[in-house]
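K.L.:
Starting from the known structure of chain A, fit chain B onto it as the hints suggest.
2 protein chains.
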Amino acid sequence: MSVLGVIAGGGDLPRAVAQSAREAGREVFVVALKGSITEGWAEDFPHESVFLGEPGKALKALTKAGAGDILLAGRVDRPKFNELKLDAKGVMVLPRVVAAARQGDDALLRMLVGLFEAEGFRALSVAEAAPGLVCGEGPLGRLTPNDDHRHDIASAFRIVKALGALDVGQAAAVCEGLALAVEAAEGTDAMIARIATLREALRGTPDKKRGVLVKALKPTQDAKTDMPVIGVQTVKNAAAAGLAGIALEAGKSLIVGKQAVAAEADRLGLFIMGVPA
Amino acid sequence: MSVLGVIAGGGDLPRAVAQSAREAGREVFVVALKGSITEGWAEDFPHESVFLGEPGKALKALTKAGAGDILLAGRVDRPKFNELKLDAKGVMVLPRVVAAARQGDDALLRMLVGLFEAEGFRALSVAEAAPGLVCGEGPLGRLTPNDDHRHDIASAFRIVKALGALDVGQAAAVCEGLALAVEAAEGTDAMIARIATLREALRGTPDKKRGVLVKALKPTQDAKTDMPVIGVQTVKNAAAAGLAGIALEAGKSLIVGKQAVAAEADRLGLFIMGVPA
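Heads up: the protein sequence lines correspond to chains A and B, in order. Quick note, the first sequence lines up with residues 1 to 277 if you use this note's numbering. Quick note, the second sequence lines up with residues 1001 to 1277 if you use this note's numbering.
If we strip away everything but chain A, and leave its shape as in the complex, we get:
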């Protein structure tokens, strides 16, 4: 099996993917995206650091490392195009990148993956490279949603799918029929945090939890680049915001640290539920 090249943006996902693939016996080479990657962990792997404007440098490093499959994981911060550090390849593809970025985050990510595919690399999804991270069907911890929660889960999925079709965001929170918060450019953590600032009549509290968080793949998204992901911090945040649980699409979303997530959900009194996609 060829070396797996993990092109790593921000958050916990890229590290989880790299570790999971290595534990499964695969050699891993990390391309750390400067300015996006969460610092420090790439040093545990053979790696090269590049700016987003240096695809030439990334391609060269991956080729030299013997990578055949690649994977783009983690949050990639939209660059300020007038501040990009560009290599020769970056200059050539910049017009296409700018055009894709104008169509939204998903188009940008697909375009970046396409760059590598055009050079002969095979782009894997996280589910292919690290199947242990994929959310299964049913409850992850001890708790399960009640009828109120199931209602809110269905309603939040409708919202996320409608928003996703317009490339807006991946997450929404609903409490007894009321849409508490909907994710756009601020990201899921900031979205969850503001639920606690709403009037208490509308939402739950850590002592009396109400409402659910749903994250789902946008219909416009490619599972190769941007599957929804939760981890222990998501569970802590949801509990602090007074939510009763989190629902994900089985097979189409990722859980970083399943055992730790289940333990934290049990400890804080939340359900984590994989529902059929």
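By construction, these hints were calculated from the structure, which means they are not laboratory data. Computed from a predicted structure; not experimentally measured. Do not rely on the hints blindly, as some may be mistaken.
Said to hold, decoys possible - Pairs of lysine-lysine, DSS-like flavour, derived with a Cα cap of 27 angstroms:
#1 A:89 <-> A:34
#2 B:1208 <-> A:85
#3 A:161 <-> B:1161
#4 B:1085 <-> A:208
P.N.:
Chain B only, in chain A's frame:
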């Protein structure tokens, strides 16, 4: 012409409606919703203060005042049903109110209006009672949207319509194709404010404005109860968040204080645009 009963929730709209109707020569009686109404202004009118759970008291006051037409305007805070102060009529209608509230804010408001219609009052829209507040077609101030802005306006309208169909919110902000923020239970002001917390690469600044705010009637909404509304504060907030302008649906949204809004938009360098609905 009968007396106009203005059932007044929070925000600037109820006062603007009452003043506009009185300036047009109509007698106005205000039913101030305790806990929701913005304090103070009802004293300028013949009025009665009631809790949301006291429809009996409201109906009696309106009948005594000789009101034939009524209008519900302003934000009505969702009550905690276990803390409601209820009169006899309130007790009778409570099951229907709770059921409507579970279906969302719009269903709740429609239900409340229906209560008054069932007692023989005629429910007016703000557009009928105070046509001077209705947004017209075209720019309100000196500035007009450029092509980028027009693109973003179209995109934001698509988002708001999709969200509105699910009773989520009325507003969205888009900057060069990227959805910056989408409104749910937090309200438009809080939604605008968080744009300024996003990374600067994604958004404009007061000095270099980018992106637009759009507010639109939800398809599920009744123009009688909850037309989108902006005022001078909305313009100030949008400018502080670095947005380049605001677009509304002509004929289906309201502007409180048109002259002041136009002057403030000109001063701060924003466009205010009414687009065909």
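K.L.:
Checking each numbered hint in turn, tell me which of them this model violates, lowest number first.
P.N.:
The structure conflicts with no hint, since it agrees with every one listed earlier.
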